[in-house]
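Take a look at the letters that make up each chain.
2 protein chains.
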Amino acid sequence: MSKLSENDSIRHTVELHKASVDARLRKMTVGKKPSTVYDPLVYAITAGGKRLRAILVLLACESVGGKTTTALDAACAIELLHNFTLIHDDIMDKSDLRRGIPTVHKKWNVDEAILSGDQMAASAYEMLLKTKSPRLPEIMRIFTGAFVDVCEGQGYDIEYEQRNDLGVKDYRFMIRKKTAKMISAAGEIGAFIGGGSKEEVKALRLYGAYLGIAFQLKDDILDIDGNQETFGKLIGRDIIEGKRTYLLLMANERAKGKDRTIIRAVMRHEIHDNDCIKRVRDIYEAEGVLADARKEMERTTRKAQAQLSKLPRNRARAALLWLSDKLLERQT
Amino acid sequence: MSKLSENDSIRHTVELHKASVDARLRKMTVGKKPSTVYDPLVYAITAGGKRLRAILVLLACESVGGKTTTALDAACAIELLHNFTLIHDDIMDKSDLRRGIPTVHKKWNVDEAILSGDQMAASAYEMLLKTKSPRLPEIMRIFTGAFVDVCEGQGYDIEYEQRNDLGVKDYRFMIRKKTAKMISAAGEIGAFIGGGSKEEVKALRLYGAYLGIAFQLKDDILDIDGNQETFGKLIGRDIIEGKRTYLLLMANERAKGKDRTIIRAVMRHEIHDNDCIKRVRDIYEAEGVLADARKEMERTTRKAQAQLSKLPRNRARAALLWLSDKLLERQT
Chain P
11 MSKLSENDSI
21 RHTVELHKAS
31 VDARLRKMTV
41 GKKPSTVYDP
51 LVYAITAGGK
61 RLRAILVLLA
71 CESVGGKTTT
81 ALDAACAIEL
91 LHNFTLIHDD
101 IMDKSDLRRG
111 IPTVHKKWNV
121 DEAILSGDQM
131 AASAYEMLLK
141 TKSPRLPEIM
151 RIFTGAFVDV
161 CEGQGYDIEY
171 EQRNDLGVKD
181 YRFMIRKKTA
191 KMISAAGEIG
201 AFIGGGSKEE
211 VKALRLYGAY
221 LGIAFQLKDD
231 ILDIDGNQET
241 FGKLIGRDII
251 EGKRTYLLLM
261 ANERAKGKDR
271 TIIRAVMRHE
281 IHDNDCIKRV
291 RDIYEAEGVL
301 ADARKEMERT
311 TRKAQAQLSK
321 LPRNRARAAL
331 LWLSDKLLER
341 QT
Chain Y
11 MSKLSENDSI
21 RHTVELHKAS
31 VDARLRKMTV
41 GKKPSTVYDP
51 LVYAITAGGK
61 RLRAILVLLA
71 CESVGGKTTT
81 ALDAACAIEL
91 LHNFTLIHDD
101 IMDKSDLRRG
111 IPTVHKKWNV
121 DEAILSGDQM
131 AASAYEMLLK
141 TKSPRLPEIM
151 RIFTGAFVDV
161 CEGQGYDIEY
171 EQRNDLGVKD
181 YRFMIRKKTA
191 KMISAAGEIG
201 AFIGGGSKEE
211 VKALRLYGAY
221 LGIAFQLKDD
231 ILDIDGNQET
241 FGKLIGRDII
251 EGKRTYLLLM
261 ANERAKGKDR
271 TIIRAVMRHE
281 IHDNDCIKRV
291 RDIYEAEGVL
301 ADARKEMERT
311 TRKAQAQLSK
321 LPRNRARAAL
331 LWLSDKLLER
341 QT
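These protein sequence lines map, in sequence, to chains P and Y.
Numbered according to this note's numbering, the first sequence spans residues 11 to 342.
Numbered according to this note's numbering, the second sequence spans residues 11 to 342.
Hints may contain errors.
[Unchecked claim] Computed beta-carbon distance windows for the label pairs:
# : chain 1 : residue 1 : chain 2 : residue 2 : range
1 : Y       : Lys140    : P       : Arg304    : 41 to 49 Å
2 : Y       : His282    : P       : Thr39     : 29 to 37 Å
3 : Y       : Asp175    : P       : Leu331    : 57 to 65 Å
4 : P       : Thr56     : Y       : Glu169    : 15 to 23 Å
5 : Y       : Lys77     : P       : Gly177    : 46 to 54 Å
6 : Y       : Lys320    : P       : Lys320    : 52 to 60 Å
7 : Y       : Ser45     : P       : Ser207    : 39 to 47 Å
8 : Y       : Thr56     : P       : Ser319    : 45 to 53 Å
[Unchecked claim] List time: in silico DSS-like cross-link candidates among lysine-lysine, alpha-carbon distance up to 30 Å:
#  : chain 1 : residue 1 : chain 2 : residue 2
9  : Y       : Lys116    : P       : Lys116
10 : P       : Lys142    : Y       : Lys142
11 : P       : Lys253    : Y       : Lys117
12 : Y       : Lys253    : P       : Lys117
13 : P       : Lys212    : Y       : Lys140
14 : P       : Lys104    : Y       : Lys116
15 : Y       : Lys116    : P       : Lys253
For the record, the hints were derived by calculation from the structure and aren't laboratory data.
Glycine included, every Cβ here is placed at the ideal spot set by N, Cα and C.
Make the full structure from the sequences, and use the hints.
Given below as structure tokens:
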């Protein structure tokens, strides 16, 4: 098969995986009551999204020789856990839109968003426990580790909002908990369900961990580097909000004099007009921040991909490689 | 041993169980970071409380021949799960005080209360997973069933706030999910960890389920019947808030004419002055609502106690009997 048609075939497989996750999630909530909790839950879970974590569970399972059908419940469980954090984070971040539609607390209210988020976390465990695996206790531990870490990560994110003495080391620490851990757990859980060896489980855990960091770096870069039309979000929003991105913290480490004053002012939320986006972008250029962030992202993606060499050579492994390239290239 | 000294001895045992739960919960959070999530969590979990659910896990385990130390982590886990719901419910109910001190969202803010509540749910699973038992998957299923039901129960509670066509049947349905299921899960999980037989597990599950309903009935009765000084809460608060208690829904079924109009107005939150407390209390008296609620509570407690006859005759069983009597008599 030519490279192009092989890629088409992989893309098709990944799309099928996504479709089976979507179908399972829709089926899960049919006939569930009360509507006070399940209407917002269904709204949030069917609003779209890449289903990266769920697809990773399925591909990880397949890559070590397991059947994806055995991992489908766990795949949906991790997607539910992820979406639970989005509902609650959107309240805390005062975000009005997610995936182009009003967030749950905007469409309903904060109380409904709290409760339907809680219900989604409960449903996540309910779904995970449908998994038939002799390694269920270990799977539960990994899943719970991701739950603990994503909360702690959000806690650090809130704490960091008040701190200006931060560098990229702090960023990595926070992102490992807030973003990377759950993606890493997806790889690990898929490997466990597929019956992977100790080495394979470790490889898929590390693949997920590196991929998660690269994913977040890409997110941070897109904020300043994205195409306004394809991005779908406001370019420079992170800067206006003084969000502790890799870019801002790297600039915070490097900038001197007047530039440093500007970066600190952005971090202190003292300047947040549209004008400051250009000024910060200029500092990023001057300090080589954007170029270095791209390099870091590529390096981290390569680290993720290197882990795949420890897996048997098969279609699922090729799909995991394809997936990591896609995340690097994405424009949204 | 005389009845009195036997009761003293049982009380002492229960107090020791409570102390070991308190100590374990305090130890659990030592050195945990970030403080943005763990400070509110520690504040909420060390603010007191009866530890009914945790004590029940320990006594249930002991009653079927298990060692309480093996059930301590699970006991704390269910206490954490319960307290997580309290933090989030207090936001939704706009409660300023809990156990005599400001609620988490009052002392910090809503965002911190959402996040530290989430963290508490995560910590609950983390704690539960420390339990060493070959029946861990079943224990996880029961625990998750309680998590699902408590959210659904809160959803019904919110839905019921907008409905006036409710009776005691609806009340029972809601309370089974919102209150009784977790107490029932406490009994069941303790029995599982203690290695109880199928019949013993069932007996302790039902004991908890009946106890949970009786517990809620007592709560509802105390609102109108409590002593203002010992109760520690405002007498008649449920009425002022138009809360769908057993009493109000029974009155809603029974009252006719002008009385019915008053009850409906209370349910529609149209009257909520202090004066309406007396008027509703008079309706309760006239319709025999209070007397019947007390009878129902006693009947339900007896049903719980009847389940204990299926357990071996031992000190823990005696303590479970004592505990159910105490809950019936309590003034707070």
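So, going through the hints one by one against the coordinates:
1. Lys140(Y) <-> Arg304(P): 41 to 49 Å: Taking Cβ atoms as reference, Lys140(Y) and Arg304(P) lie about 43 Å apart, which means the hint holds.
2. His282(Y) <-> Thr39(P): 29 to 37 Å: holds, 36 Å
3. Asp175(Y) <-> Leu331(P): 57 to 65 Å: This hint holds: roughly 59 Å between Cβ atoms.
4. Thr56(P) <-> Glu169(Y): 15 to 23 Å: Hint holds: Cβ distance 21 Å, inside 15 to 23 Å.
5. Lys77(Y) <-> Gly177(P): 46 to 54 Å: For Gly177(P) against Lys77(Y), whose Cβ atoms are near 49 Å apart, the range 46 to 54 Å holds.
6. Lys320(Y) <-> Lys320(P): 52 to 60 Å: holds, 54 Å
7. Ser45(Y) <-> Ser207(P): 39 to 47 Å: holds, 40 Å
8. Thr56(Y) <-> Ser319(P): 45 to 53 Å: Taking Cβ atoms as reference, Thr56(Y) and Ser319(P) lie about 50 Å apart, which means the hint holds.
9. Lys116(Y) <-> Lys116(P): Roughly 22 Å between the alpha carbons, so the hint for Lys116(Y) and Lys116(P) holds.
10. Lys142(P) <-> Lys142(Y): At roughly 20 Å apart (the allowed maximum being 30 Å), Lys142(Y) and Lys142(P) satisfy the hint.
11. Lys253(P) <-> Lys117(Y): holds, 26 Å
12. Lys253(Y) <-> Lys117(P): Holds. Lys253(Y) to Lys117(P) sits at ~26 Å (cutoff 30 Å).
13. Lys212(P) <-> Lys140(Y): Holds: Lys212(P) and Lys140(Y) sit about 22 Å apart, inside 30 Å.
14. Lys104(P) <-> Lys116(Y): holds, 19 Å
15. Lys116(Y) <-> Lys253(P): holds, 26 Å
When the structure is compared with the earlier hints, no violation turns up for any of them.
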